[in-house]
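With these hints in hand, go ahead and build the complete structure from the sequences.
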Amino acid sequence: MSNLKNKKVNSYTKVFALLLLSVFVLASCQQSNTAEQQEPQYYTLPEVTPKYDSETVTDFNSRVATNDTNRYEGLVIPDEPLLSQPEQLPSALFYDSGISIPYPEDGVKGVYLTAENVANEEYFNYIIDYINETELNAVVIDFKDDWGNVIPPIETDNEYVQQNVIGSVDYAEVLGVLEENEIYPIARITTFKDNLLAEARPDLSFEDSTTGETWTDGNGSKFINPFSQEAWDYVLTIAEEAAKMGFKDIQFDYIRFPEGFETFHTQLEYKVGEYSVFESDNPEEQGYERVAAINDFLTYADNRLTPYGVNISADIFGYTAIAGDAPDVRGIGQNFTQMAERVDVVSSMIYPSHWTSGFFGFDVPDYYPYEFTNTYIQEELYVLGPVQNNVVSRPWLQDFTMFMEYGPTEVQGQINALAENGIHEYLLWNAAGEYTTGVDYAPDVETAQVTE
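If you're matching positions, the sequence shown starts at 1 in the numbering used here and goes up one per residue.
No lab work stands behind these hints, which were simulated from the structure alone.
There could be a bad hint or two in this list.
Label pairs and their calculated CB-CB ranges [stated by the list, open to error]:
id : residue 1 : residue 2 : range
1  : H354      : Y382      : 14 to 24 Å
2  : Y382      : D208      : 18 to 28 Å
3  : G220      : T306      : 20 to 30 Å
4  : Y382      : E155      : 39 to 49 Å
5  : V387      : Y103      : 39 to 49 Å
6  : P153      : D233      : 38 to 48 Å
7  : P153      : Y123      : 19 to 29 Å
8  : Y52       : I166      : 18 to 28 Å
9  : P283      : Q388      : 25 to 35 Å
10 : F360      : V177      : 21 to 31 Å
For glycine and all other residues, C-beta sits at the position ideal for the given N, C-alpha and C.
Laid out in structure tokens, this is it:
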């Protein structure tokens, strides 16, 4: 009896399961048929129109380039940084080049040396002895020269850098000598003036639209395009090698567009890339795209070079500090205060011989090395006043003759003018590396303004 009962239960169970499956199948089919029969529904989206016209957008981008965006539509952004970096980070965080040369306690007081100067054993020994006998304590040495040659032997995967390495001087050996004598080494990198790369890569340069050839200035110099990140990477690949080798300061020279660029740029073909958003048809707002490019390069360089623990310095026309936001300054992309916010050191080229008649009321500025330098540096300090970055002013001074013969008195006058205004760092320029003797490089004068 029990077996029969179990069979009936099993039969009922199977029937129930079949019925349940049929229900699911029917429901699924009905759902499928419903889906097939449903027509798609279309919705009309609201029309989206830009809130700002193109002129307003260009104006805003121009103000971004000039750091003038702290107030916009009632929004006030504080000028003070929310976070601050410690004055000194642990050395373990940085690349160890094996060369240990401390920053001079009394400030950098240096001279410029060419590769030929350093390669000349007799001269090099002389200049080392001369520095040791005086208050000088630093040298600026060409690492990438004005033509685009990379002076020392280096290893790199960049084929264009490889092509331009001449390997004429072993800077690793030179740095060993500088370390023994505690002479602070600065690597001069000629940045955007570069005949070699411009010739090898015309697409990274400027094309003369009348000839179809790579543009050349009146002195036969060619430039690479500061708008190009590939050009940036090329330069910084070289700068990184200088840092790895043991140089403590990477100095970017010719960190600009060609002089007078604002007057002839329409005659050239070149890529602007993402900086086109800064371009304007308004003559009063032209050139901010160049300013933005130079500023961005310095920020990018800082990010690339931070792991090496080096200082970054920039050579800047002294005129840039005085002219501010003038069209010819925007033409080359240099804005003094904005560049000062992005580097450790600004080196303005003061050279009295390079200023035209009438500046600061001097008929021939070259005849007044002390007076002119004194007037200029007061103007620079005023311009640097609002800069929040703890930047060092380390000007280039004139130790060469152009209109009037420069000797100990003229060189001393410039150094005294800086010291009287609280500036105790400077670099002396002589293209041949021949420097005036009989100069007190650290004069004991009362300072009218003391800088930190």
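Next item on the list: List, from low to high, the hint numbers that the structure doesn't satisfy.
Entry: 2, 3, 5, 6, 8, 10
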